[in-house]
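Undergrad: Chain by chain, the residues run as shown.
Protein chains: 2
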Amino acid sequence: MPRQAPAPEVSATEERSIALFCSLMNEDSSIAKVADLLRAEAQRLGPGAKLRSSRELVRELGVSPVTVSRAIARLTAEGRVITRPGSGAFAAPGRPESAQADSSWQTVALGDRVVDDTGVAGLLAEPGDGVIPLTGGYLNAALRPVRELSAAAARAVRRPDAWALPPLSGLPELRRWFAAEVGASRNDVLVVSGGQAALSHAFRSLAAPGEPVLVETPTYPGALATAKMAGLRAVAVPVDKDGVRPELLAEAFAVTGARVFYCQPTLHNPTGATLTRERREQVLAVARAAGAFIIEDDFSRYLGSGAPPPALVSMDEHGTVVHVLSLSKISAPSLRVAALIARGPAARRLRASQVVESFFVARPLQETALEFVTAPGWRRHLATVRREIGERQRLLLAALARHLPAAEVHLVPHGGLHLWVRLPDETDEAALVERAHRAGVLVSPGRIYYPAEPPGPRIRLTHTAPADHAELTEGVIRLASTF
Amino acid sequence: MPRQAPAPEVSATEERSIALFCSLMNEDSSIAKVADLLRAEAQRLGPGAKLRSSRELVRELGVSPVTVSRAIARLTAEGRVITRPGSGAFAAPGRPESAQADSSWQTVALGDRVVDDTGVAGLLAEPGDGVIPLTGGYLNAALRPVRELSAAAARAVRRPDAWALPPLSGLPELRRWFAAEVGASRNDVLVVSGGQAALSHAFRSLAAPGEPVLVETPTYPGALATAKMAGLRAVAVPVDKDGVRPELLAEAFAVTGARVFYCQPTLHNPTGATLTRERREQVLAVARAAGAFIIEDDFSRYLGSGAPPPALVSMDEHGTVVHVLSLSKISAPSLRVAALIARGPAARRLRASQVVESFFVARPLQETALEFVTAPGWRRHLATVRREIGERQRLLLAALARHLPAAEVHLVPHGGLHLWVRLPDETDEAALVERAHRAGVLVSPGRIYYPAEPPGPRIRLTHTAPADHAELTEGVIRLASTF
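Protein chains in written order, with the UniProt record's numbering: chain P, 1 to 483; chain A, 1 to 483.
Quick caveat, the hints were computed from the structure, so don't treat them as lab data.
Worth double-checking, as some hints may not be accurate.
What the hints assert, rightly or not - Which stretches of chain P does chain A cover? Using the computed rule of at least three CB atoms under 8 angstroms from a CB of chain A, they are:
1. 112-119
2. 328-335
Said to hold, decoys possible - Derived coverage of chain A by chain P (criterion: at least 3 residues anywhere in the stretch with Cβ under 8 angstroms from a Cβ of chain P; other residues may be distant):
3. 54-63
4. 131-144
Claimed, not checked - Here are the simulated SDA-like pairs of lysine to any residue, each with C-alpha atoms no more than 25 angstroms apart in a straight line:
5. A:K50 to A:R84
6. A:K33 to P:L395
7. P:K228 to A:V114
8. P:K228 to A:R113
9. P:K241 to P:A285
10. P:K228 to A:P167
11. A:K241 to A:E429
12. P:K33 to A:A289
13. A:K228 to A:S53
14. P:K50 to P:V63
15. P:K33 to A:E281
16. P:K228 to A:E211
17. P:K50 to A:E317
18. P:K241 to P:L395
19. P:K241 to P:A452
20. P:K50 to P:D36
21. A:K228 to A:T256
22. A:K228 to P:D116
Here the structure is a predicted model, which is why all the values come from computation and not from measurement.
Quick reminder that beta carbons are idealized off the backbone N, C-alpha and C, glycines included.
Start from the sequences, fold in the hints, and give me the full structure.
TA: In structure tokens:
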């Protein structure tokens, strides 16, 4: 059908203005409609098929050529259509890649509840080639009991029921082992998929979204991230060289009405402080008086230079303490098995949280963990790691004293993987970390350990991350070169 | 101090009444106070130490002998004190067991956010000795590829990096395999700890607490439980024999403003319905128009009698579908590896959810899954299970027709583990399930599959749960005996 001439009372200029106006008003929806139609046509005809010509579309749909060409441009951008000059538009071969699909509608559907994983993902990042890691939360591969773990796994998967449903709270023998380690009762142990999962269950189960949770400051960024994902507000309680300060903890409970305190009483991350025996009793009494839970993150239990101090859970008579005991720190990142130890209604809620969330921990992993910790190699491995930690800590201290005298070590901890280092006040922490990375050494910036404003520039240095002693020293030299 | 004689204006009888009244009023708090005091004394003096005598306590505290003896009885019940007739009370040796500690303060701290795990825990419950299971979501142990899994695991843990940190989204090869299975792109795949964990991440990431989520009715109770734990309200959309009804889905989106629809389009649990090709397109269009996500739970992908219909995710151009593909149904409960396939910001949010929640899936499990699905035994196993499902389904249908003609099978599905059975309207479903259990057969009550009121008595019968064909028939006979 040939196009109608404009009605005589409208001039040609006016007609163009009206058309432009209408096209601006309707453009978006018209383009979208034509694009939808062509998308369907391309899909129906299949890859490579020729689509209707622009001329046909203009005629059949009563839209402008501009609309058609914009719709085709959109589909080309989506990777669904290709155009060949002089030949027209064709359905693109194959399915478009995800990056090209338009998923911007999701932004509306998802809202603003962004989960911030930068702290955690940063801790788990692998260093690039040639970069020396002085960060991370695990033993270097050279220090891991890989042979023992694989032997344990080989024994575990030979059992006929290795792939069956385990008891939902975990293998009884493994629960007994965990209980005996900290002086708890077997029935109080829930086997979970690693320490991070334990923290997630604990935060979600013990406090409601919007509620405050008390944390040491500085503290482990993974705990801050999971508390935040559970909708909790982290309120900072200062620590000194003997761990959290009980009088400030009591004040924080009183001011906030918090019902949960998360802490690492032994070889605290990042400072390395260990709560004294006397303070342990005070902290328990303070939490008890506040009617609050203590989440005791005992991630460093096997990383100390001597016998660990009594766990808070072993001193607790009232179900105040929810204890987290993880195996991956002392073994390898992929032994994702930990114990969550609790009593009373809290224990039931934690169990329900895991069952609904992810059912249970894969039985072969549980059997492997049990084989590993009950084999003779376990004690040998503990002794080896303990010795190596001592040597590396001395080496790191010496290297810092020699190459980086401006850095001030917070304290010399009785073990652990890290040193917490105070930098001169005028240091730009972020810039230093970035310069160090360019110089070939990864260090952990202090600010990620603070739930609120950091008091000044700090870095955390992990002596167990480099492959060997030479690499550890070289890492410090590279770091010093950036000052 | 000798006891005072009563004042002369009060008779001895009156005095006893007053004392009784006061003791009833104050008894509880007095007993608690004395018990607290003795508890502290027992702890201070240490195991085995003799406590103050009842006589001393009565005199020093000004309480009645009854109060003292009740306080001692309470501590005895708690396991903190032992009494020796004629010698008095002593601090008990050792630490009291958890069941005896008083954790009732937790009830206040925890509030009312009880997690209901009865539906899930029930599905995972092991039948007692001699009880035939016609319930559960897994293949019977006899049908599981245990040898192949253990061989795959043995190969996997021989690799030197078996215990190292995997890439956070999963092993690239495993992601590629999952992507190829459903026609998605490798980059869109996140490896997670089983299908249940996948649902937890999806519900938590795609909707905010308090928001509605559309579900089929009936539907999988594990999905209802995890949606509820994420704070979501499940809104039911009816299904018929071709799956969910698109016009009702559209209406439900319009009425509720929901942004998420959870469904099992292939061999739906519990009805066995498979969404037709035409409806798949309609459901996609409806969700697209609503600006909503579809969580496509493809748990039955490998349980059908023929090639599975195209996954919704393979028909989706806009990142509408979040696909869940699990390996445990076709293999064994402890192969806790699944894929969560998504695009756009939703994919990033799901990744962040897993990293913050539990870091990553243990590498040995991922390596095992990859070895398992790429070994020649995988195709053989699929064929074996497919054949066995066909045989067992026919057997169950025949047994029902013969022994339980009053039961009406909803439809004969093209595979899957279950039949959905309608019982005569006058049946008391709960009583029947209970009678069946006493008669030695476990069946799944229909009501747990409904987010709202069930339309009538139903049960779900799982033909892959019994050890063999004879046990399957015997199960139906036992069930029939209770009608």
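Undergrad: For each hint given before, does the structure comply? Return the numbers of the non-compliant ones in rising order.
TA: Structure breaks hints 3, 6, 13.
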